[in-house]
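Chemist: Listed below, chain by chain, are the residues.
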Amino acid sequence: MNDKFASWPHRVLAVVTGALRAITHLMLNIPERPMRWAQRVLGGQRIAWLFLTPNLIIFSLFTFLPILINFYYAVTGGVQLWPSERPFIGTENFQKLFACDNYFDYSTCDQDLFWRAIYNSMKFVSIQVVLMVLFSLITALVLNRKIVGRGFFRSVYFFPVLLSPVVVALVWRWILLRDGVLNAIIESMGGEKVLWLLDPSWSFFWVIFVTVWAQMGFYTLILLAGLQAIPRDVYEAAQMDRASPWRTFRKITLPLLMPNMIVVLALALIRAVQTFDEVFVLTGGGPGSATTFLVQYIYNTGFAQQIQRFGLAAAASLVLAVVLFILTMAQLRASRSKIDG
Amino acid sequence: MTHPRTSVARTPVGLIAFLFIIATALGCSKNDEKTASQPSNSTSPAAAASTPSSSPSGSAAELRMQCYGDGNECEVTRELLAGFEKKHPNIRVVVDVVPYKAILENLPIQLAAGEGPDMARVTDLGGLNKYYLDLRPHLKDPAYWEKNFGKTLDWYRAGRDDRGIYGLMTQLTVTGPIVNKTLFDQAGVAMPARGATWDDWVAATHKVAKATEVPFPMAMDRSGHRFAGLAISMGAKYFDADGNPAVVDDGFRNMAKKFIDWHKDGTMPKEIWGGSGGGQYRDGMKEFQNAHIVMLITGSWQIERLDKNVGDAFDWVAVPNPCGPAGCSGIPGGAGLVVFKHTKHPKEAALVLDYLAREEVHAEYMVRTANIPAHAAITEKGLDYKLSLAAKTSLNTFMGEVSGILPPAYVLQGYPYNRAIYNATVSRLGQSVAGELSVDNALKRITADINEAVKEAQRK
Amino acid sequence: MARLQLKKVVKSYPSGDVIRGVDLDIDDREFVVFVGPSGCGKSTLLRMISGLESVSSGEIIIDDQCVNDIPAAQRGLAMVFQSYALYPHMTVYQNLAFGLENIRTPRDTIAKKIAEAAKMLQIDHLLDRKPTALSGGQRQRVAIGRAIVREPKIFLFDEPLSNLDAELRVQMRAEISQLHRQLGNTMIYVTHDQVEAMTMADKIVVLRSGNIEQVGAPLDLYNRPENRFVAGFIGSPKMNFLPGVISSIDSDGVQVKLDGDEEPTILARVDGAGRTDGEKVTVGIRPEHIHVPGDQSTGRTAAPNGGNTVKLAVKHTEQLGSESYLFAELSGGKRVVVHLPGQTSARIGDIIDVQIPAPSCHIFQTDRGEMALPRLDAPIDRPTTPQTDQ
Amino acid sequence: MANRVVQFLTRTRGHGRFHLTDWLTYGYLTIGVFLMFGPVMWLALSSFKTEAALLQFPPPLLPYGPAEAEVEGYDRPLPLYRVEKEDGSETIMAQVRRIGLIAQMVDPDDPGTIVKVNVKKRKRVEEFQLATENYSDLWRQFDFPQYLWNSVFITIVATILTLIFNAMAAFALSKYQFRGRTAVFLFIIGALMIPPTIVLVPTYLVVSGMGLLNSPWGVIWPAIATPTGVFMLRQYMLTIPDDLIDAARMDNASEWRIFWRIVMPLSAPALAVLAIFSVMWRWNEFLWPLIVLNRSEEFTLPLALNAFQGELKTQWNYLLAMTVLTLLPVTFVFAFLQRYITSGIASAGVK
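Chains as they are written, first to last, in the numbering used here: chain A, 1 to 341; chain B, 342 to 801; chain C, 802 to 1191; chain D, 1192 to 1542.
Chain A on its own, in the form it takes in the complex (with noise of 0.2 Å):
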């Protein structure tokens, strides 16, 4: 009578191993007769266009071509959604951006949200990046330690990497409320409620602090991997030369862990500039503009509004594209030699 209790896992594994075995023969056995011909057609190196053509196929319709109605968007005005109903303004949209009486003060600027955005995101980018970088650091620096239940801490710092923005902002929110959890904690403790959301400072601290908590975990793999990787000598080494730990860390830990500390730069800045989703729901983009970062202006100029503005929003669109360009290439040309095989 057990029986059947005990053979539907194992039915039901069968089948789904039968399925995956059956898939994975047929993905190899029947591209592979016209792959070989074409091995044949192309040569040994040429081939490799035909495993890049499916994703260039994707990736063209399905972001490239966005992008190239973006640009087009950029210097057309109107609402009109589809590109050939929209009057044609050249570079209207960018005049319309940039025209400031005073490029040191916002408020001068016609388009005043827009610089306010971008002294956001810079403001953001440079701190969040780093904080994110420090404390990915500190906490893989401990994970590394022989710990008990390191596995289970290593999951901790990972789990809220799995929630989707959205929920993450809405948790904090309710946390930060004024009615919310933290100022409970606080009054319980006889101390008086802090408006976490409505003073500015204390806003973007609280909107680097959860996107930090949320992605944190992603990037503390990442340098933890770089970390296991290092060899044991060699911090037998260093103990055998009398270093500090200070001097073990700055000078052997540092620098070995460099490749990963690039990548873990590269991809926090990357996300760092492109953040919108956790600010929006969190705080909405205030006090009053004090969080509104470059997509979210993008995002209610072309998308939240009423009047959806897409040719101003493309126009801002490129020139964040362009901010995130330069800062790529500056950081790949400084790193260069370090990553790209």
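If you're looking for bench data, these hints aren't it; they were derived computationally from the structure. Keep in mind that this is a model prediction, so the values were computed, not measured.
Here are the simulated DSSO-like pairs of lysine-lysine, each with C-alpha atoms no more than 27 Å apart in a straight line:
#: 1; chain 1: D; residue 1: K1312; chain 2: B; residue 2: K522
#: 2; chain 1: D; residue 1: K1314; chain 2: B; residue 2: K522
#: 3; chain 1: B; residue 1: K488; chain 2: B; residue 2: K471
#: 4; chain 1: B; residue 1: K548; chain 2: D; residue 2: K1311
Pair ranges (Cβ atoms, derived):
#: 5; chain 1: B; residue 1: R501; chain 2: D; residue 2: P1268; range: 55 to 65 Å
#: 6; chain 1: B; residue 1: G536; chain 2: D; residue 2: L1292; range: 24 to 34 Å
#: 7; chain 1: A; residue 1: V322; chain 2: B; residue 2: R501; range: 40 to 50 Å
#: 8; chain 1: D; residue 1: L1292; chain 2: B; residue 2: K605; range: 24 to 34 Å
#: 9; chain 1: C; residue 1: R930; chain 2: A; residue 2: G151; range: 21 to 31 Å
Here are a few chain A residues that sit away from chain B, every Cβ distance over 10 Å (derived from the structure):
#: 10; residue: Q95
#: 11; residue: M189
#: 12; residue: A229
Backbone N, C-alpha and C define an ideal beta-carbon position, used for all residues, glycine too.
Got chain A; can you put chains B, C and D on it based on the hints?
Modeler: Frame of chain A; chains B, C and D shown alone:
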């Protein structure tokens, strides 16, 4: 020896498994079709049962209705439609419940791209006018609509000459204040009577707050719509004589200044307006429910929720809108069901709306969703809401407020780009509350934002 | 039957040529070793033969068929990689079977072939293990086994022993040689280790910077290096090179005055035809060709037929028991290494007289190519080939 | 026994002593657990609260509800209050009704007499109550299995295709020298720079033009060619020794076979990581499906989840319950693959 098999040897196992997968996949897709051909909402077994395979007259029509709900609106609609489907067995209405965001942001894009559902419950009543189907030719009795929905039909129309009938109000809302009566009792302060000015109310609530140690006398939902009610009471007109937006006038300016002052002097908590950015909506319900606010300026839609959530914690009551120099106006609002031009079944869609507009159906809908009807006859007769006495009283207070609404409020509600005005109001005044902009600069920005947006919308 | 011919084979990269016009014939059943310092292009040449690298110009011919455009898989070759390149996710058995599966060999044939190869290589007890669970030597055998089961026309070995420890290397060397005798296939073996080349090869190809420096049987290369590079590369410890100037040329040979005021003159039994007095040259003397008369502990006390006597100051000695090394200096300070059989009585600080037989001396030109002057009476290394000297 | 536990816990740096840095380490980790898990646990607990309790301040930690009691002579159960009597003692009484500041109470043991109590002198008696209706209502209102199936279908199909297509591209970019390689790589990396939120509308036009609206494929195809995936896999594949591929070529394997039999299995850790990411992305994706999928039979879980966000009100209790339900599958997947993921990301990120 159990050495791994070669690929040749693996074939039989693989093939069998593959056939199995295909079979499963087919089975699933068949299931899909089955589910697809049923009304989506599992709350209405009656609807599913009433879908006969053969249709007596004409071919079967499936109508897609995109619906968002603040409460149980979509469910109730679906259940009411069961009755309709019984009468018209060849018409099926599938109610797709979506987040409001989908209606607000995605639907216009879908419509512009020539896609989208047959019908939808929308709030941009005037803004989407160019996609609406004029129901008039399909309606059995247009006069019934004219008579009962006369006031609100204009909101859907393109301009003054447009006589079309485009939609059915599923919810009429009126803005107005809700007051924590218990706090007044505890403080021993008398509530200002109808006709009291804003300043009277501010003074009274201040007294209450002080006596009861409640942090804030007042709060208002973060919404340009709510603000418009106040501004119009102060004399704001929002439009010039030609009907073009001229938002910032003396009335608007006075209200804005007062409003910012209220935040500065602690009358209102800054975090609702100042704690968010852009045009985001926030309400003050959490604070009101925890008795941290004496008076919340919100609207009729919150009553059912308050009734449920506050329960016995304190007494609350809706009061008439306080007055300004121009009047004591709230502002109407609401959502309506509309049919889009691209539908393949215009006649059937009109039948659906006609059914939902019938007095007894409409009344049931209003009672069950605890909304205020826009239907003249029903309003006249009154409705027996299934709510507590306090809630019923409050709902009636709000219904009474409809008569006090000043004309600019109706014009504004019917203006196609009203949300652009609301958005500019919220985001700029919000910045001002947060201390980023002076009131004057905020007002300048509001004007600029609206003008620019409207100019863009008119560019061809 | 597998003959391999290379005709003016060139490999160019954007950064420059790596193989610069190589001509080579390899006969059936021959064991050929490509040897040279790292970066000489020996591996590239091997990979070009295998088909893994394309040929920029020239022709690679296997059994009279130009294979330039035939992909690696279809050339009928098998290769053993330096890193072994065992598929880490497959068991040994799967590793061996992979190539055969790819050509759709019936299952039982595969099993048979693998069983045979495994037995030959004594890895039959390892078939179910993954490569990571094997020792270096075992991996090496599996890598060879993978080549064997394919029954290739030509085996290619790319520095297969460089990752093994010294003892294993000696053992595997012998085994590969034995394998060659057993299978009788043509084998091409790449190494940077001249010992491997000397011990295993039928024919050694010495490469430098993409050019063939010399081709020949191992002893041929030892005895008659065509230039200074080959002379220095073959033989261990390295040949001593002493710069000097030709002082006289006659039928006995060539006299060279070593550079430096106090340095002696060396006579070498080489053909000085075409050379002139005063020309700059390099004298090459192998450490094992320097004799120490009077060293009572060595068996070799006097040069076979006289020659040069030179004074050396001993700076350091290494006694290995069966042989010894002296690290010494000429009177002018030039360093010379001496390799003696048995044990030596020389001590650090001793000044000793050594004899350097004139026939054992090499002389190399100093201009481009550093070609050797032909030796007049070098030992006969291949009895089958008639030699002209003596 | 206890000794052994202590010994085990203090087995840290190998020297037996519990060093200061160990205290710091465990301090950091403990704080971390609270900080990382706390909010999630709170979310899970809150999903069992009624809407009223959700809005309450101070927020109760556990789901509480008002205690009620059946009192003779009253049809409905009456809410219980802890009442402070004039002599300072407390009793538990049931409230009949409240009028303004005065509550009419009865002692459940003496239902006959009504006592008038000032509202300030009473406190509600609360007891642990799970608002399971948050979940059961969901089940009743929603075609939950359908949404689950849609989400699962999109997630699995998109993930499989993502893995295969991205791995193919990464293989080409890491293991072949062909003209245009750098250009293609830059092209793909360049797309990393454009956040998808920004090109939502143009992408919609393309998908609409291809007739993929209201189909799961409208969600799947645009998601597949992820630049991040190609980038990550490429970096990993660069670490696979070229010798292996050469060996396979010598073994008569076609390029496709090399890809499928050698490169794919060897990239397993990186593929696992990408799989996890793809699963997370597709599972949590909201903005894009919201615009592509309009028919409820095609809805994914996040769409259904957000249906509780109205114009004027958000039904928090349902939203939280739905969030927890949506979270469960990913959590399980993670729990099962945890070891693989953590070690996999490890190697995938770099080199």
